[in-house]
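Novice: Each chain, written out:
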Amino acid sequence: AQKVTQAQTEISVVEKEDVTLDCVYETRDTTYYLFWYKQPPSGELVFLIRRNSFDEQNEISGRYSWNFQKSTSSFNFTITASQVVDSAVYFCALSDWGAQKLVFGQGTRLTINP
Amino acid sequence: NAGVTQTPKFRVLKTGQSMTLLCAQDMNHEYMYWYRQDPGMGLRLIHYSVGEGTTAKGEVPDGYNVSRLKKQNFLLGLESAAPSQTSVYFCASSYSRLEGKTDTQYFGPGTRLTVL
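Residue numbers (this note's numbering), protein chains in the order written: chain A, 1 to 114; chain B, 1 to 116.
All the pointers check out, no bait thrown in.
Here are a few chain A residues that sit away from chain B, every Cβ distance over 12 Å (derived from the structure):
1) D22
2) T72
3) N76
4) Q83
Derived contacts from chain A toward chain B, CB cut-off under 7 Å, selection only:
5) Y33
6) G43
7) F47
8) A99
9) F104
10) G105
11) Q106
12) G107
In short, the hints are calculated from the structure, not lab data.
All residues carry an ideal CB built from backbone N, CA and C; glycine is no exception.
Excised from the complex, chain B in its bound form (with noise of 0.2 Å):
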């Protein structure tokens, strides 16, 4: 059971490149959800998702894009990348219907973004 795992772990991108982080989960859940933390900041909800097929905005959503087409992947994508968007990013998920309701977010690795 790898439980929350996130490609790439780090990323250099140049402002005006595109790119996909991928999160993937094998604890069947309903729930996953995209963070982003910066320094002395906590972490911030950017978008999340309560099923395959569905998405969301968080508290941060602008100059990102998601996609949930399968339950356990779930991915965050910055069209055009700006320097504001470097930071650390969080994957979480949670909630399994078979298991009974879980209401805790286990979190991937994070992923160390890099915008010059």
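If we strip away everything but chain A, and leave its shape as in the complex, we get (with noise of 0.2 Å):
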């Protein structure tokens, strides 16, 4: 069965902080897609990042930084220089190839005070 941990339940860091959100993940599948979504305080969920089982390059978007390395099933998330806009709960997920039906973690709080 597929799983998805995410250990830290909430983060409080200072605004200018680096901060990193861990995920580790648990598939026997050999092909598999890794998400991590944004949920701020007005509920929705934003989409962050997809990222394919075959692609193991880290990627960067502006202050946002993904790291995956299947040899210790992780994906985390850096975001650098974090902004009190950065409050949210971040949910790491994963998919199986076919139907893509999406298995959460329990979401990680980040707080970013002023």
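Take the two lone chains, each set in its own frame, and fit them into one complex as the hints suggest.
Specialist: This is how it looks when you write it as structure tokens:
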């Protein structure tokens, strides 16, 4: 069975600090997708990134970066120079290659203090 | 392009009442999904559909039924609501055959349901 673990329930940092959100996954599939979604206080789910299991290249998008390591089954998310607007709950998720059903982690609540 | 919309946004039911949540998408997506979000548990898949006229069970299907009579709509029904079904419900869609396979699920704004 597929499983996603986000061990950090809550993280609180001061603005401009760097912060890393951890994600560890379990799957027996050889092909799969990994995702990060952001859920701001308004409640909607915002897609951040998708990575397929064949592509282990790290990705950077502005202040956001993602580190995918198949050897440790991890897909960690780093925010550099955090801002108050980054405060949200962040979900890591895993999907199969077929029907693309998502399995979510429990989420990490990130609070950026001014 | 409205994306994924959900109706209603909020609803309060009494135990035993029934209701239907409507999800609509205008992205011509083949796949649609219903999730529920409970505090501290992330989102869990209730039912999903890989095409018009097809539905399948997800991780937590008990107490819910779904229908996909039109490609753009996916309905979630509660026949006899229970307090354990108090949750936030999210609909999502993915995969456009015309535009090539897109594997990202896009979510609606959610429906907050309270069962008393």
